[in-house]
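Undergrad: Numbering of the sequence shown is given in the numbering used here, commencing with residue 1 and proceeding in unit increments.
Don't take each hint at face value.
Claimed, not checked - Taking lysine to any residue pairs in the SDA-like style, the calculated list, with each CA pair at most 20 Å apart, reads:
1) Lys20 - Leu46
2) Lys20 - Ala35
3) Lys20 - Cys8
4) Lys20 - Ala32
5) Lys20 - Leu30
6) Lys20 - Gly71
The set of hints was computed from the structure by calculation and includes no laboratory data.
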Amino acid sequence: MTSHEAPCLDHFVAASDALKAASHAAALPLSAFNAVADLRNVGELLFQAAFAIVDTGGIEDRQTLDPYRWGLMLLLELTASLPEEAAALPARWASVTTGGR
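Sequences are here, hints too, so could you generate the full structure?
TA: What follows is the structure, encoded as structure tokens:
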């Protein structure tokens, strides 16, 4: 953990804990509760990936991108479990950003 990461981590943990408490209090159905938990995990992995890039000064190092890869895989897995409209969103976005190629 870097000196940059330590203070930010406190805020991230607090936000994650608040989201966890809110999802418990909302009495969500299990599928929605699991989606919230997965999104919390994705956020944590992307946060770690961002600091790994800061620590190494680039994106060339494989270990730097490992948290990003895991976060992306978890996000894609979650997306596949969502209703069709939400699951189709990444494909539509990719089509628009790549010019439909």
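Undergrad: If any of the earlier hints don't hold here, list their numbers in rising order.
TA: none
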